Structures are given as structure tokens and as C-alpha cells.
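Novice: Modelling step: build the complete structure from the supplied sequences, incorporating the hints.
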Amino acid sequence: MGDDRWREILQLLRAKEELAWNQVIDWYFGDVFAGLLNQVRRLNSRHGGPLPEPDVIEAGRELTFEAFRVAMEEIDAFEPERGDLQTWIYWKGMARSKGLLGDRLRQERDRMGQESLDLEPEPGDLATRRRPIAVDQATPETTLVSKFDRIELRRRLDTVFGRMRPNQVSTIIEVWRLREEGIHNPVEVAARQNGRSVEAMESFLRRARQDFRRIWIQEYGEAPLSELL
Amino acid sequence: MTEDEESMESLLRALDAAYRDSLEPPPHYREPGASERPTGLDSAQIEKWRNELQAQTRRTQALGRVLCNRRRAMGMDIDDLAAEAHWAASRLEKLEEGELGLNDVDPELLAHLLASLKVTSIGPLEPTIRDLARKNLAVYEKHKGQIYGRSRKGVTARQRHEDLMRGVAGIDEEATARAADRYLKAVQRELESLWPNRSS
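Residue numbers (the working numbering), protein chains in the order written: chain A, 6 to 234; chain B, 286 to 485.
I should point out that these hints are in silico values taken from the structure, not numbers from a laboratory.
Since this is a predicted model, take the numbers as computed values, not measurements.
Incorrect hints may appear among the rest.
[As the list claims (entries may be wrong)] With the Cβ distance kept under 7 Å, some of the chain B side facing chain A (calculated, not the full set):
no., residue
1, A303
2, Y314
3, E316
4, R322
5, W334
6, P409
7, P412
Don't be surprised by glycine CBs; every beta carbon is placed ideally from N, CA and C.
Specialist: This is the structure in C-alpha cells:
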């Protein structure tokens, strides 16, 4: 989505100017919809595909409308130095996808007679696999602590990423997202998408991790990252 | 697992824990666009939904009011905008008040006005301009015989023509739609020349 036309009208968007929002819908509706439809398809398939394709498409449309609506409401919180507006709008829809679709998918799956009510982990789904406390064992206290940890971890990562080169950060994030999508060879796919050889990508990522580690130590000492996980 | 793989694993796990349920995306993250994520759907269907969302967002229907709101949101007064867009301030005022029809506005001039208001393509304004163009550029069916009428003070030639034709000849819908189309295309062409590479 590397297009920054929104920068010229950001002030108007923050003023909730109607034409400005219509311009943003004009430019980015297709991109946001494509990303969110992909997300709905993944969620549906993770639940065993209970929704038929027309319902999946309709859910993608609903989510896209919701993403733009939330973005309009929360535009004051958007930080342009962190990334593109269109990705931020997409993320607003993505963050709501589980809430909006979770119940529907569970109901459909139950109707189809499947067993578990919990999300099936995706391949490479680290959070689900490594989370020390199962959802059904979580107490309000552990949930609170884990939420606090996540916020603290996010704050630290934001700080370290803020001192790294943007292309290093975006490549690391790209590999993470590909893996989250269930792709087993994210480095190879990221290399292909960026027009690099796998070796060049691995070497680039190695240097990025070295920089990450160096800055992490400068900011937080030798405390390993895993302490917060 | 090698030390290298382990360090990548640990970083990816950290990202997962930090951003998976976050309401804000990670920094410098760029979601692939539609060209990289084919939906398999007809583009006309996606365009229809886009227009539907735009219609829901649009509170103001009148072109003059929309342009006036944009000008004010940009903190410009009529004289500033008129000077920048090469318009007469009085005509701009009339356009904002809905007293100037598109039949009196060259499409190129309208494009200059839109460009000064940072509108890079006609897309978001298309329904509004099309509606007004269909009204202002109405083509009447042929009428046999003479129609007489006098000019009246404060009434434009176009308004006088419309008044005279009312009840005498019907509107040729197809020809009117073609005239509106031509007008819109001319505005878009000019916008593209004013905003090269930014109008799509």
C-alpha cells in the first residue's frame, strides 16, 4: 500500500471533513477490502471453513465498512510517523475481525458439529502455542498481568524499532506477518516479494537482528527479551 | 535450532505477544495492497461497495456546499481561493451558493478549482457533479415550431431556456447523460494534467 496521497489532506481528515474522507475511501477502499477479505478467509479456514464463500465476502465488506467508520472516529490517534494511513485503517478492521466474526464462526462451526470452541492454532502461531496459561485457566489477575506485560513489551519494542532503520523494521514485521498468515517459509517469501535472493534476505535480517539486540541492550541492559514473554 | 534461528524465533515471538491483539499496527508495517492480494471478485462489485460507503459518508449533497466546507476546513477565504484557482471571487461565491450552474462553468476551470482544494481526482465528487450536470446540462427533445419568450432581469439565459421548455419539450435523458459524461471526463482530464501521477 505504498502511497502517501493521504499526507496532503491529513489535517482535513482530522477535522472530519467529509470530502477528505470520501477521497480516502476512493483511494484505499480496494486495498483495505482485499486485506480484510484475506483475513476473513484465514479466520474462516482456521475454524474449518464453516462460512460459505458468499458469507465470507459479505463479512469482508462489513469489516471494511467498520474499519473506515472506526478510522474516522479515531483519526486523532493516528501517528503518521509510524506508518501508512491505509495500513492503519486495515489494522482497525483486523483488530475487530475476531470480535465481529468470532461468535458467528463458532456458531456455524458448532452447527456443523465440530468439537472445540477455542481457536485452532495456525501453523507458526507462536502466541497460541507458547502462551503459558491456557485461556480457560486464566484468572482476572493473570489476564491483567499478561495484558500489562504485553503493553510494556510493546512500549519497549516501539522504542527499539524507533531507533532502527525503517526498512529493517518493516522487513522483520513482514516476516512476522507472513508467518502469522501460516506461511511456513516466511523468509523465502519475503525475499521473493522484495526482489532479493534468500541469502541476501537472511543476511539482511541477521544484521537487523544484531542492530535490534545492540539497541535493546543499550536501552534495557542485558535482560533477555524472553523474560518478557 | 541454531543460535541465529533462535534469535529470530525469539524476536518473532516477541512481536506476536506485543502486537497480535494490539489496536495499533507495529511501526513501519505496510499491509500489501489489492494488487498483491487478488480478491477474485469482479472490480465492479468492489466499486459498488465503495460508492455505497461514500454515499453513507456524504452528508452534504450540493456541490457548492461541499466546496465551501472544504475551503473553510482549509482555512481559506473566498478571495484567496479565487486568486489561486483563477476564478472571479463573485462567481466562486455564486457557485458555493448554488446560483451558478455547470453550464456556466468550463470543466477546465472547475478542475482548477478542485485542484486548489487538493482534490486530485473526480471520484469522490462524481455523483454530486453528475447530478448537477444532468440538471444544468439537460438536453431537450426536439420541438417543432417556434417558442417565444422575453429576457428577464436577473434570470440567466439557461434558466430562461429551461422555463420556456418546461411542459413544451421533454428532457432527452440519454443525450443529457452523455453531456454529463463529457463534462465529467473533461474535468478529470484536466485534473490529471494538474496532478500528474496522482489522479488515479
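Novice: Next step is simple, just say for each hint if it's right about the structure.
Specialist: Taking the hints in turn, this is what the structure says about them:
{"no.": "1", "hint": "A303", "result": "holds (4 Å)"}
{"no.": "2", "hint": "Y314", "result": "holds (5 Å)"}
{"no.": "3", "hint": "E316", "result": "holds (4 Å)"}
{"no.": "4", "hint": "R322", "result": "holds (4 Å)"}
{"no.": "5", "hint": "W334", "result": "holds (5 Å)"}
{"no.": "6", "hint": "P409", "result": "holds (3 Å)"}
{"no.": "7", "hint": "P412", "result": "violated (10 Å)"}
Hint 7 from the earlier list is the only one contradicted by this structure; the remaining hints agree with it.
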